[in-house]
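If you read the sequences in order, they're chains P and R.
If you read the first sequence in this note's numbering, its first letter stands for residue 34, the second for the next number, and so on.
If you read the second sequence in this note's numbering, its first letter stands for residue 197, the second for the next number, and so on.
This list has only true hints and no planted wrong ones.
Restraint ranges, calculated between C-beta atoms of paired labels, are given here:
no., chain 1, residue 1, chain 2, residue 2, range
1, R, His883, P, Asp163, 55 to 63 Å
2, P, Arg234, R, Gln222, 50 to 58 Å
3, P, Ala82, R, Ala374, 48 to 56 Å
4, R, Glu834, P, Ala82, 53 to 61 Å
5, R, Ala295, P, Pro76, 19 to 27 Å
6, R, Gly632, P, Arg234, 28 to 36 Å
7, P, Pro76, R, Ala326, 17 to 25 Å
8, P, Asp163, R, Met811, 42 to 50 Å
9, R, Glu834, P, Ala232, 33 to 41 Å
Coverage of chain P stretches by chain R, computed from C-beta distances (three or more under 8 Å per stretch; other residues unrestricted):
no., segment
10, 144-158
11, 211-220
Calculated from the structure, these hints are not laboratory results.
Quick reminder that beta carbons are idealized off the backbone N, C-alpha and C, glycines included.
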Amino acid sequence: MSDPSHTLSVSRRFFLRGTGAAASGVALLNDARTAAAADDEPPILGPGAVPLTLTVNGRNFGVSVEPCATLADVLRGPLDLTGTKIGCDRGACSACTVWLDGVPVASCMLLAVDVGARAVTTIEGLAHGDTLDPVQEAFIAHDAMQCGYCTPGMVMSCAALLERVPHPAAADVRAAIGGHLCRCGAYPHVIDAVLAAGATRKA
Amino acid sequence: MSGINTHSEKFPFGIAGAGMSEIERQVPNDQPPPLPMNDALLVIGKPVPRHDGRAKVTGAVRFTVDVKLPGMLHARILRSASPNARVRSIDTDAAARLAGVRAVLVTAQKDSVLRYAGAPIAAVAAATPAVADAALRLIRVDAAALPFVVDMDIARRANAALVYQPGEPLPLNAVEIAVSAALPLNGNVRGPETQGSRGDVARGFAQSEVVVEGEYRTRTQTHCCLEPHAIVADWRADGLTVWMSTQFTTGVRRELARVFDLKLSQVRVKVAAMGGGFGSKSQLGPYGQIAVTLSRQAGAPVRLVFDREEEHLDSGNRPETWQHVRIGARRDGTLTAIAVEEFGSAGVGVGAGVGNFAQTLYTCPNFALAQNDVFINAGRGSAMRGPGNTPGAFAMEQAIDDLAGQLGLDPLVLRDRIDPSPVRREERRLGAAKIGWARRHPPGADTGTIKRGLGVAQSIWGANVTTNASCEVRVLRDGSVLVLSSVQDLGTGIGTILALVVAEEFGLRPEAISVHIGDTEFPAGPPSYGSQCTASISPAARTAAWKVKQALFRQIAPALAVAPEQLAARDGRIVVANDPARGMSFREATAGLRTEQLSAVEARADDYGGFRRHMGDMNGAQNDLGGVQFAEVSVDTETGAIRVERVVAVQDCGRPMNPMLIESQVQGGVLMGISYALLEERVIDQHTGRMVNANLEQYKLIGAGDTPPIDVLVLENYQGQSATDAYGIAEPSNIPTAPAIANAVFNALGVRVRELPMTPATVLASLGRLPHRS
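Chain R with its partners taken away, still in its complex shape:
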């Protein structure tokens, strides 16, 4: 913080209910004073209903799929039915001549390779969706079929069909996932990536007294956002306006300006409501470029909405993995070595690693990582809720459970010895009490057909912060208060959080704050991925509100014959702090403004005390986020069916802003984790190379019938690091669920299920009653 004048402030520090103290930090002079703990606040930390709840329950809120513009055309994309083919020619003449067709675009040029079933070939924009579909059927594609491979194990073999020939360019860009530029490519295998390794594992294993190892498999999961990927593009001579179901309006604007050679000022990106993203809606994507190009060609707005099959084939997915985990420890549990070897497949893309889970969760001096991308002829993977760490946790947390068993230690006791986080220690204590951990029996102890078990697993995820995150707060003469940012709400409720923060500062009710987000005409907000949104934008909102409040105080202080510093905003009034009878209503105060409005735009300051790491606009706070989840299951040993009976999720996200919205999000993370653990798998037929369950009836998602009671406990973890001290929750709440269930299944059966999804067939195979999948 060189060059910025700072002063010293004292912040509440620690976990509420588990020994609070104070921490003194140097804070820039332009930052608001420290907030007290939540129990001393009026709206922050309270269960305030989301600001757009009424619009959502009445159907009034407009998603991108609901946007209608005069003269709007409908686009459809022709996609490859073949998993690998070289284009000889594409004839679109008949399609272009069809009545109602306004633009045709070929995206796969002659001699290009269609590398997966679902790869875009061409697109049309027409007056109606039916005409667009009819036009697609008139496009003649001549392509030479090439050998293909859709199975990761087969793709690793020496004689496998090659997805990329030597020398062909590889698609190395990935959002949210670090990808090294230079790694060897052998056949279909790119790697090994060894970054993150430390110490000397050979020596570590030599020092160990106990070694556990195992192979684990996770399968490809697709995002299945209920609102499909959707864009409405309106190209005009004076600029481009795009409505898009996106997790990052500012980022899409940046991409559009670059791709179409426009100035940022000529591009506007809007999203009112969006129907889920989970990492799959972070970028413009080829489909976004297609829609904009068609609009430019046709001279009319173009709407492009994926159907459900396209969602599965070409909107990203969580890559499958094969992992070998080996851990060495001393008899007291001290870890001496961890070695993780991984092969994962993001289809034709990269970024199928296992994140930093095994690398960072436990104290261990020697760690070796070798992760590899295996190319197959399938749609590209992308970030999905806790990318890397979610499959990584499935393996690592089972290995730790194994180790506890080998050492004869309770899994919680082992973690108390090897996990340095005081936050997770408290989370283990709270969760164990809540689920009744004391009644956990030895593995496989139940007699009878249906066996019950308890399991636990942990989470780690970076406390990410984008400093390129701005917010405006505006007060008008009639007492209106507006908060404005381009930040988008993908369903987590960031608009409501902004309203809370601003309301707290002005002493108003959250309903009094008018929320304007999801539009790049407003100050540039952060992305809604990487669990960084609340941490990035809520401090900016508070700082802006505080500055506007100071300006307001300066204007009205003379009327109350006090200095501005003596004023306070509370209960809808501006009062003299030590004589609250003297004051005026908020509306009276704003009525006398010298100008029609007071306004301030503020950006996210660096964390007080600094960041631990920097990655472009994104920074990592000093302490990671975590969570501990406990699962209780029953397993029918005759059918192999697992039933999750109960989950207890104990999570932390710094200062909780709205416990009701956090509970929603954590329940959602747990349910996505149960679904991942028991149900979800993209199935590709080896003979045709095509996905056979690209729908929502055979690609199974958890429903209400399988939803267990989920207890959510959220720590108040004060660190004094920003104007709100709030951090994210989305990803940490998804990471530990599947391994907690797997460990509970082991506790029930005494047999470990090391493969996802843990279907009845997988369970019966693990019990030796059915053959394992090849």
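Same shape as in the complex, but just chain P:
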């Protein structure tokens, strides 16, 4: 593992610039660039791999990746966390859903260099040791899957829902998985599973 302090500072600076431009929208892009020019220039990343550190499932990983690599690519490739699946690679199916600071995102739509210091949680990091997350248990008990390819992403969105809404209604579950495509058609059992997991939750 490389020295995290160096790579972190590089990627965080890049991340701040990127986020500022994205958050302020196109109209302010020029202002942001002007401000950046007055400050010291943000690093130009690439061509070629750049070092960065990702915090995934509570661990820091130092990796060297192409700036064009998505978070999904890096998770599945160098980190070998293949539980995260790629279905469309353009944000249409949500199979690649992971958490960024607890919020579900499509990891195929996020460059790894833009993750910065935010904590990534993947399907491999959801259980506590041998103890599955209640959503995972409920998915098994209610057969909320067939082929299982969309399942990791679906589980991540449903577990995030229960963090926000401990006792969701069916409409909440439908909304939470509204962007997830399941060709096997597991939606009814997914809804059953999440409602059951919510019903047995204390908080």
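Starting from the structure of chain P, add chain R where the hints point.
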């Protein structure tokens, strides 16, 4: 069954809850005794969670796309952007020189024709996917554009551009779909295929008192498996190993051995988990050959995974159809004639017919079929969940609904008169009660903008069985029980079914059975297509388990001072059947084995009572599978939007093995049917010949927001035909959904929508508020 010693056995027979009886059958002596009904069993017929559920919800399970091998290369395929072009030259020199490129393969030779946008031209294997992509951009293709046609109606015209010139060879092989070798080709139209016709329809129509007819259209649907087509090929001097997202490991092994001139023993095909197939992953395919060839060339493992666009363009699809259906009947509903004329397009391929739906569902002495393949410059069609019968049902079941209206009969009453199946009769009764059919109003009776309606449609599909299906059961000295077969789980849960069957025989819990499937090193299993997998492999598993159990009983009987026949396996113990206090635990029993293991490999026996038809390895059981589905819809007559409010699906699959997994599969069939009915369509631009929605945001699939409540009722239909008496469910559950919705839409509007997908525009056109599509 000549030459096999048989004996007589009595089996439970009939539909549970609707008049059970017994049937006596001659059974080969090497078959296990009849199973009682599910309510007398411990694990079969119970909602047991799937055996790999934990691996799936934790992301631990490895799909083909997750396979990584040391030194593995990444392959990409260069595809035609043109819908029709003749290759003049292909220059791959620059690509081959690019650093990191390890193998280059040209698949489209000089003077060959690239007949559709997406047709493979060349492929490269490189150290990374990015290098492979860069290499594709360096390949220079010089090709002469040819006239093309991507619209089936235009392709039928006399002056249409020709997809195949006279005398050019046609690709006539198709999986799961019967294709006649010799049919005339006129322009782009191959046919008519009239096989299946019977009687004299002219006479039948002359005898009729009522005639209904209509034209129907269905559009091309793509499979959209969430896991793309994927293969990792590892060619070595001592043999070939392939990981592949496939519905048939044994079949792919056979194809690889043939194509690459290897012995079957030199080829190994593996698949741990696979992310859906729906008929599109039944064969090796050109892409499989490409990956293996690249691996042989590069001397390294090669990974080839389609992107989403390739999935739409070149992995198969459900062909579009145009159908004209005409039915003649007597006033009492008796059918006198059915005539189906069909033109369908499987792109550059064949097999775009409408199956045997109209031919077999209802009693009618006179039936005429004329189906035609229309070639267009688009990717090849393939089998897709209920091939033929799914588009066929959309037309035929609406025509029957029309006929009921013409006769002034309730559609269920008409079907009671013309459908000979006692199973579907019971399914109609159960489904009608569940959905509240009695509240169905006359067509278009609702006042107001939003109109509601109820509809029904039926399903028929062969109860298919492969007798070339083997399974091993192994018991080890520490009490481990293994079930092994090359059969693959495409998501339906066959591994769990095998565990249930073996657990039942040994009196163990299903979790105690270790499942080893998806590898041709194990005994050769059946394909996972044609809804034949469970019917084919579960009896073999039970027979093998039963034989191992007999061997175990013979070894431990002396210790209990009884004859082996007096022993029984239950609750984790081997006991004396009529004195259960005497016995030992299963582990104690196996600890004393004379050898490290007991094992048996068994194949699927013929159905007791025989098959109705044989098609190579695949056979048809005496009775078909069916199902009846009811849909409730609301239609907004201002926007044209249809909302499916509820579906009731009543299905049969012989003896249900696991109601929870069956419910999953039926819900999936219904949802794929709703999606087909309302949303899905491959759109090809006529000016460029290219698909414009080759993605998952503009090619629409149903999501959770449009998913209605789906009630699944599954009959226990005992026929006493095998060691498990189990049959399939995948395809029958998809066939009736779209016509049930269409009939509900008619009931809501009083106007029939005869075209898929039933989008708001289509509905408004049917209401006369928008022009119809040309």
